[in-house]
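In order, the protein sequence lines correspond to chains A and B. Using our numbering, the letters of the first sequence correspond one by one to residues 996 to 1100. Using our numbering, the letters of the second sequence correspond one by one to residues 33 to 177.
Derived by calculation from the structure, the hints in this document are not laboratory data. Being a predicted model, the structure only gives us computed values, none of them experimental. Any given hint might turn out to be false.
Covered, in the sense of this in silico footprint (three residues per stretch, anywhere, with C-beta under 8 Å from a C-beta of chain B), are these stretches of chain A [said to hold, decoys possible]:
| id | region |
| --- | --- |
| 1 | 1038 to 1046 |
| 2 | 1060 to 1072 |
Partial pick of chain B residues on the chain A-facing surface, computed with a CB cut under 8 Å [said to hold, decoys possible]:
| id | residue |
| --- | --- |
| 3 | Lys93 |
| 4 | Phe125 |
| 5 | Ala128 |
| 6 | Glu144 |
| 7 | Thr164 |
Using N, Cα and C, we set each Cβ at its ideal position, and we do this for glycine too.
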Amino acid sequence: MRWVNAFIILLFVALMLYATVGLPDHADPQAPANVHVSPTYIEDSVADTHTPNIVTAVLADYRGYDTLGETVVIFTAGLACILILMKRKANDKATLSKHRHSDRM
Amino acid sequence: MIKQHYQSIVIQTVCSLLIPFIQLFALYVIIHGHYGPGGGFQGGVLLAVSIILQRLYLGSKISYRKFSPKMALAFGAIGMLIFGFAGVVPLAFGGAFLDYENLPIFWVHGAELRALGILIVEIGIGLAVFGTLVLIFDSLVGERW
């Protein structure tokens, strides 16, 4: 079974290595990712937003919807932490008082 | 002098000196997001770290009296609301969702208003991250609040 797993992993690695052949070269100016929207951001972001930091302009303005989703995810994670951990604590307290009660019996 | 969690003058002095500077640096990181590395997420984490340091050296009893976990929840929710309103309010003034140029701040125009909108959104992100991280720490510690 172990060898079958190793074989599957090797096949997967070979597939991934084969897929990297089709990727554009590192820092290739003609790569599709670099000719579509990036030049617009670099050229227009200061005029559009008066923000010298392109990262901030993209994060909060051009891609503001994405950032809104990120913040909602973080806040929801915090709420889930409270809900799960607080419930566990209430359960602990309930079992503790039950034990105490049975001791007294 | 209030009774503290660790009876060590070194820890008390260093922490109480360090916390205001951490908070000041956090505000700088949030405000300076326009011009350098930084922004709401990083600044919010720094703010949360200052409160967590206070929790560690004061102990939960005194620290909860100074900054209660309910207040952290309120800060997180207010941050989310600021971001949400920065998205929804432009809709009412003839723009698209999150289109800061249509925020109802009438004495600023065009790209300047966009920069101001980014600042508002960064403050919202900072508050949301700050509240959330303090909340996660408090619920992991597991004191009643």
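Verification of the supplied hints:
1. 1038 to 1046: n = 5 at 8 Å, threshold three: holds.
2. 1060 to 1072: Held - the region 1060 to 1072 of chain A has 8 residues with a Cβ nearer than 8 Å to chain B, which meets the minimum of three.
3. Lys93: violated, 17 Å
4. Phe125: Violated - the Cβ of B/Phe125 stays beyond 8 Å from chain A, reaching only about 16 Å at its closest.
5. Ala128: Not OK, violated: B/Ala128 not within 8 Å of chain A, min 10 Å.
6. Glu144: holds, 6 Å
7. Thr164: Hint on B/Thr164: holds, closest Cβ of chain A at ~3 Å, below 8 Å.
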